[in-house]
Amino acid sequence: MTLAERALERLRVWPDLRTGQASCGTGSALRAGRSEIVHFHSAHEVDLHLTDRALDRFGVDLAESTAIRLVPGSRWVTVHLDCDTDVDLLMSLVSMALKAHQVPQADTTDVCNFRRVTVIPSASARPGGGRGSSPRTGGR
Numbered sequence: 001m002t003l004a005e006r007a008l009e010r011l012r013v014w015p016d017l018r019t020g021q022a023s024c025g026t027g028s029a030l031r032a033g034r035s036e037i038v039h040f041h042s043a044h045e046v047d048l049h050l051t052d053r054a055l056d057r058f059g060v061d062l063a064e065s066t067a068i069r070l071v072p073g074s075r076w077v078t079v080h081l082d083c084d085t086d087v088d089l090l091m092s093l094v095s096m097a098l099k100a101h102q103v104p105q106a107d108t109t110d111v112c113n114f115r116r117v118t119v120i121p122s123a124s125a126r127p128g129g130g131r132g133s134s135p136r137t138g139g140r
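When we follow the working numbering, the leftmost residue of the sequence shown carries the number 1, and every step to the right adds one.
I should point out that these hints are in silico values taken from the structure, not numbers from a laboratory. Glycine included, every Cβ here is placed at the ideal spot set by N, Cα and C. There's no promise every hint is true.
Claimed, not checked - Have a look at the derived ranges for each label pair, beta carbon to beta carbon:
no., residue 1, residue 2, range
1, Thr2, Ser92, 26 to 32 Å
2, Thr66, Thr2, 27 to 33 Å
3, Pro15, Val60, 18 to 24 Å
4, Val60, Asp88, 29 to 35 Å
To be verified - Lysine to aspartate or glutamate pairs mimicking DMTMM-like chemistry, simulated, CA-CA at most 25 Å apart:
no., residue 1, residue 2
5, Lys99, Glu64
6, Lys99, Asp84
7, Lys99, Asp88
8, Lys99, Glu9
9, Lys99, Asp61
10, Lys99, Glu5
11, Lys99, Asp86
12, Lys99, Glu45
13, Lys99, Asp16
14, Lys99, Asp56
Modelling step: build the complete structure from the supplied sequences, incorporating the hints.
Below, the structure is given as structure tokens:
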């Protein structure tokens, strides 16, 4: 069982989530109410839908994680599942996303990051890569 499959199995039993096809057309999605919260695209790539408020509050911390990829201007973050700890991180972030989506927000059509994020294998990743830049704008 892949890490993404293991995460999906754990999340399927959460009472506020229901499964379906991802709106991007690739993989499975988990929804809460009218919001798509998670897209499972591959064995290791998951996109998580956050709100602007959540990204403003936690974006700097998320940018420092080697498991997280942020795309400037997107409310979706990509979680690269490389180990069990990354699955635990995803569980925490889904919980945060569920809480964030309970607050009414402007209805926007926001596409996930599928095909917009390139993940460098951890063996060739540069130490400290991504630190020091703003997660929302890509610059300082």
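Against the structure, the hints:
1. Thr2 to Ser92: 26 to 32 Å: violated, 20 Å
2. Thr66 to Thr2: 27 to 33 Å: violated, 19 Å
3. Pro15 to Val60: 18 to 24 Å: At roughly 32 Å between Cβ atoms, Val60 and Pro15 fall outside 18 to 24 Å, so the hint is violated.
4. Val60 to Asp88: 29 to 35 Å: Cβ of Val60 to Cβ of Asp88: about 21 Å, so the range 29 to 35 Å is violated.
5. Lys99 to Glu64: Distance ~22 Å between Lys99 and Glu64 Cα, so the pair holds.
6. Lys99 to Asp84: holds, 23 Å
7. Lys99 to Asp88: Satisfied, since the Cα-Cα distance of roughly 17 Å is no more than 25 Å.
8. Lys99 to Glu9: Holds. Lys99 to Glu9 sits at ~20 Å (cutoff 25 Å).
9. Lys99 to Asp61: holds, 18 Å
10. Lys99 to Glu5: Given pair Lys99, Glu5 holds - Cα atoms ~23 Å apart, limit 25 Å.
11. Lys99 to Asp86: holds, 20 Å
12. Lys99 to Glu45: Holds - the C-alpha atoms of Glu45 and Lys99 are around 22 Å apart, at most 25 Å.
13. Lys99 to Asp16: Between Lys99 and Asp16 the Cα gap is close to 11 Å, so the pair holds against 25 Å.
14. Lys99 to Asp56: Holds, at roughly 15 Å.
The structure is inconsistent with the numbered hints 1, 2, 3, 4, although it conforms to all the rest.
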